[in-house]
Amino acid sequence: MERRDFLKQSTLASSLFFVPNFVKALENVSKNNMKHKKLVIIQLTGGNDGLNTIIPYTNDIYFKNRPGIAIRKNSIIKATDQLGFHQNLAPLKNLYDQGYVSVINNVGYPNPNRSHFRSTDIWQTASNADEYLTSGWVGRFIEKYGKNPYTAIELDDSLSLIMKGENINGIATRNPNVLFQNTNTPFFKKVLEQQTDAHLSEHNLGYLYKTMIEAKSSAKYIYETSKTYKSTFEYPNNPFGSQLKTTAEFINSDLDSKIYYVSMGGFDTHANQLNKQSKLLQTYADAIAVFVEDLKKNDSFKDTLILTFSEFGRRVQQNAAGGTDHGAANNIFLIGENLKKKGFYNDAPNLLNLDANGDVRHTIDFRTVYATILDKWLQVDDTSILNKSFSKLDFI
Amino acid sequence: MKHKHIQHLYCRASFGADINDLIQFKSKSKSKVISQLFKDSQDFKPLELDLAEFSDIKFKSYKELRDKYTIAEIQKLRQKQQQKIRDLNYAWLERLTEPNFLLREKMTLFWANVFVCRDNDIYFIQQYNNTLREHALGDFKAFVKAIAKEPSMSKYLNNRQNVKKKPNENFARELMELFTLGVGNYTEQDIKESARAFTGWSYKRNGAFNLRKPQHDYGLKTFFGKTGNFDGDDIIAIILEQKQCAKFICTKVYKYFINSKIDAKRVEEITDIFFKDYNISNLMRYIFSSKWFYDDKNIGVKIKSPVELLIGIQKVVPVNFNNKRQLNYLQKMMGQILLYPNNVAGWKGGKSWIDSNSLMFRMKLAALILNNAMINLEEKGEFEDAFERYYKNIKKRNRFIKTTKNWSEFDKKYKNCTALELTDVLIVSKLDKDTESFIKNLQVKSNRNFCIQLMSIPEYQLC
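Protein chains in written order, with our numbering: chain G, 29 to 424; chain D, 3 to 465.
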């Protein structure tokens, strides 16, 4: 690549600020139609206990297996004649009542792995259980359709595997100002001022310089663009609330990013689960509710789909410490305005047919969810991103 | 030996040469320098923590423990035992900065990413780590057999659940896929048959190998066209008869020690050498002695791993981390925590170390460690963390890496160096005219300061 072309591409973002005013005016007119679809991915890290989140409140097996930690029938917010929401998910149930939520039960993969690390790898790379991929599925999306690190943003300070492609990666930031300052030290500027063709053409050295340039221009673009919208909504005062607030600011400032990834920690409830999990669900649902309001107010909810998953569910039977151990298939949430199948997408987990470990068996492969989102929502070729063709579901 | 070649050899066989090495080896022949390198690594010094406080928890039965401790105390001891693995991590990093056993330690680091393993039992993982160290330059055949008998490996790849009645194929599969042959070089039937040969392989509480005879399948197995009452050792011997095994390992060696861009002809050349006797020392000696190892295209083109970067800096300016926990932070932010690989496939290395975030961090590393630079980025929480703990660091807006720098050691070696000499020691990557003039224009206030600046340019990321 010629140096000039390269620079053009990598500084494209910042040069957007110099487009003539009439072009901007045009953009504004058709803004609503021009908006691209966005996906927000939330991982409930640690393995959320799906059975105490969406509760099969008429199932005897559920109560028998969890004498100490089953959620009492009278506290559940009933949704169907079999399933109900945890009472702290009231804000989510509220969205559900408006037709903004689709719950897919029993999502997982064959030969489930019960290690946090490995199962997170599997979910993030979209691999088989016996396959080790070194790029994430979002990373491969960036590689194919984004070309810029800011195509996908992780709300954190370092990048997870899900965001990594082979030659280009997403970018992580919790705070665009911090990111901008870190890529704008006088020394880095000096280093970049002297970059030449020769640098960029060298194999690994070129890759380093190219990454630096991209980091700098992405940081600048994210910072300067997101400055234009500051959320006035009051998010819960906790780190997850801040992550979602920043995400809303990114989306509502029309940042050209397509995927956001947020990890919410704390779900590895091996002991004294009841109290811990109900707080977590509260934190999750409260922040989600404000987030959706924020997007709606700015007319961007209709272009946003929120996917919530966990690396695995938890065992049906409680353990001796008033908690649950690592399990297998789990429910996932999809939140958005354009859901085709609102409410519950499929049947509740079959507790009569557990696997050898006593865990819920999967009936839906998580990659069919990805494939559906890629194909129908982001409208890209899912097969080339997932390295394989998966059947599509009908939720969107 | 040429200055540039000494530096290249030491970058790959260790973590870089210092000015004394360069002066000392200048008048020596290449073969002498290489012989010295191997001689210095002849012996093997295990890495051992004092684990006395955990001997009860490790060796006593639960009943015996209960006589002595409350349940809470037992839990606490167990947790502490697991946390001790971090201490082993720090001790290992410290070992890497020491001037002894250079090649053996670098090889140990390499093998840890071939025979990838992870365990939360400090006794077992320490033993495992020392098995890597012991065999790092030895006979590869004995090496694989030893690895297969390690408790940590047995736990990690479920071989202890591998019993005659219900074979577990995990170890057999990864042994071939990730440790010796590579995917596609065996059949599913080979996996099934070899898994049977490893049935009943287990370990004793003290870490010794234990064959549980009733669980072992003594029947006939057919593996790679051979039939016999094979056990695990026989299977490993048959795997090593495949030239593909030598090629698989040599490809990894080539990528790690020579160039991430594979040269098929050279890989074939070293495969022939390795396949002769599977002697690791012979292989490495052959490589380091080859003329082509010192070709320009192989010098300064490898992206340093986070550990190579971290240790390389400390080799120039010795540093003591006052808060060892911060070593964990640094490794985590750069994506490589020793003893905590993400999965059995290990770290991919090369370009995969680099993304926008990690590169900015890596380029700031020298200033963080040596210049009290401030950093406002936080590590991710752990899977097991509760919510508050998961995010606990976020509020601490700015942090410093608290270190004690031994600048006097640096001054002793480099005080009287010219800027050009210091550049030559620290930067092995090609410098083009622009970078050279950039470096020339840096204000050299002092060699200490200049050293940190050099460590902050992209070229320093390469070795």
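Read the hints as simulated data drawn from the structure, not as lab findings. Glycine residues also receive a C-beta, built at the ideal position from the N, C-alpha and C atoms. One or more of the hints may lead you astray.
[Stated by the list, open to error] Distance condition first, Cα-Cα at most 20 Å in a straight line; then the derived EDC-like pairs of lysine to aspartate or glutamate:
1. D:K28 - D:E438
2. G:K121 - G:D383
3. D:K41 - D:E55
4. D:K414 - D:E100
5. G:K404 - G:E365
6. G:K304 - D:E384
7. D:K263 - G:D88
8. G:K307 - D:E386
9. G:K238 - D:D42
10. D:K334 - D:D89
11. G:K218 - D:D434
12. G:K63 - G:E194
13. D:K6 - D:E384
14. D:K47 - D:D141
15. G:K307 - D:E384
16. D:K254 - G:E159
17. D:K350 - G:E194
18. D:K194 - G:D158
19. D:K34 - D:E50
20. D:K168 - G:D383
[Claimed, not checked] Sample of chain D residues facing chain G (criterion: CB under 7 Å; computed from the structure):
21. Q333
22. L341
23. A347
24. N359
25. N378
26. G383
27. Y392
28. E423
29. D426
30. I429
31. E438
32. P460
[Said to hold, decoys possible] Residues from chain G that face chain D, not an exhaustive set, calculated with beta carbons under 10 Å:
33. N347
34. G350
35. K368
36. D375
Status of the hints after comparison with the structure:
1. D:K28 - D:E438: Roughly 24 Å between the alpha carbons, so the hint for D:K28 and D:E438 is violated.
2. G:K121 - G:D383: Not OK: G:K121 and G:D383 at ~30 Å, beyond 20 Å, violated.
3. D:K41 - D:E55: Violated. D:K41 to D:E55 sits at ~37 Å, over the 20 Å cutoff.
4. D:K414 - D:E100: It holds: about 18 Å lies between the C-alpha atoms, which stays within 20 Å.
5. G:K404 - G:E365: Holds. G:K404 to G:E365 sits at ~14 Å (cutoff 20 Å).
6. G:K304 - D:E384: Holds, at roughly 16 Å.
7. D:K263 - G:D88: violated (60 Å)
8. G:K307 - D:E386: holds (16 Å)
9. G:K238 - D:D42: With Cα atoms ~40 Å apart, G:K238 and D:D42 exceed 20 Å; violated.
10. D:K334 - D:D89: At roughly 15 Å apart (the allowed maximum being 20 Å), D:D89 and D:K334 satisfy the hint.
11. G:K218 - D:D434: holds (16 Å)
12. G:K63 - G:E194: Answer violated: G:K63 to G:E194 is near 28 Å, above 20 Å.
13. D:K6 - D:E384: violated (43 Å)
14. D:K47 - D:D141: Holds: D:K47 and D:D141 sit about 18 Å apart, inside 20 Å.
15. G:K307 - D:E384: holds (19 Å)
16. D:K254 - G:E159: holds (19 Å)
17. D:K350 - G:E194: Holds - the C-alpha atoms of G:E194 and D:K350 are around 11 Å apart, at most 20 Å.
18. D:K194 - G:D158: holds (15 Å)
19. D:K34 - D:E50: Violated. D:K34 to D:E50 sits at ~32 Å, over the 20 Å cutoff.
20. D:K168 - G:D383: holds (16 Å)
21. Q333: Given a least distance of 11 Å, the restraint on D:Q333 is violated.
22. L341: This interface hint is violated because 13 Å lies over the 7 Å limit.
23. A347: holds (4 Å)
24. N359: holds (5 Å)
25. N378: Hint holds; D:N378 Cβ to chain G Cβ min 5 Å, cut 7 Å.
26. G383: With a closest approach of 5 Å, the D:G383 hint holds.
27. Y392: holds (3 Å)
28. E423: violated (22 Å)
29. D426: violated (17 Å)
30. I429: Given a least distance of 11 Å, the restraint on D:I429 is violated.
31. E438: violated (10 Å)
32. P460: holds (4 Å)
33. N347: Hint on G:N347: violated, closest Cβ of chain D at ~14 Å, above 10 Å.
34. G350: With Cβ-Cβ at 14 Å, over 10 Å, it is violated.
35. K368: The hint is violated - G:K368 has no Cβ within 10 Å of chain D, the shortest such distance being about 33 Å.
36. D375: violated (29 Å)
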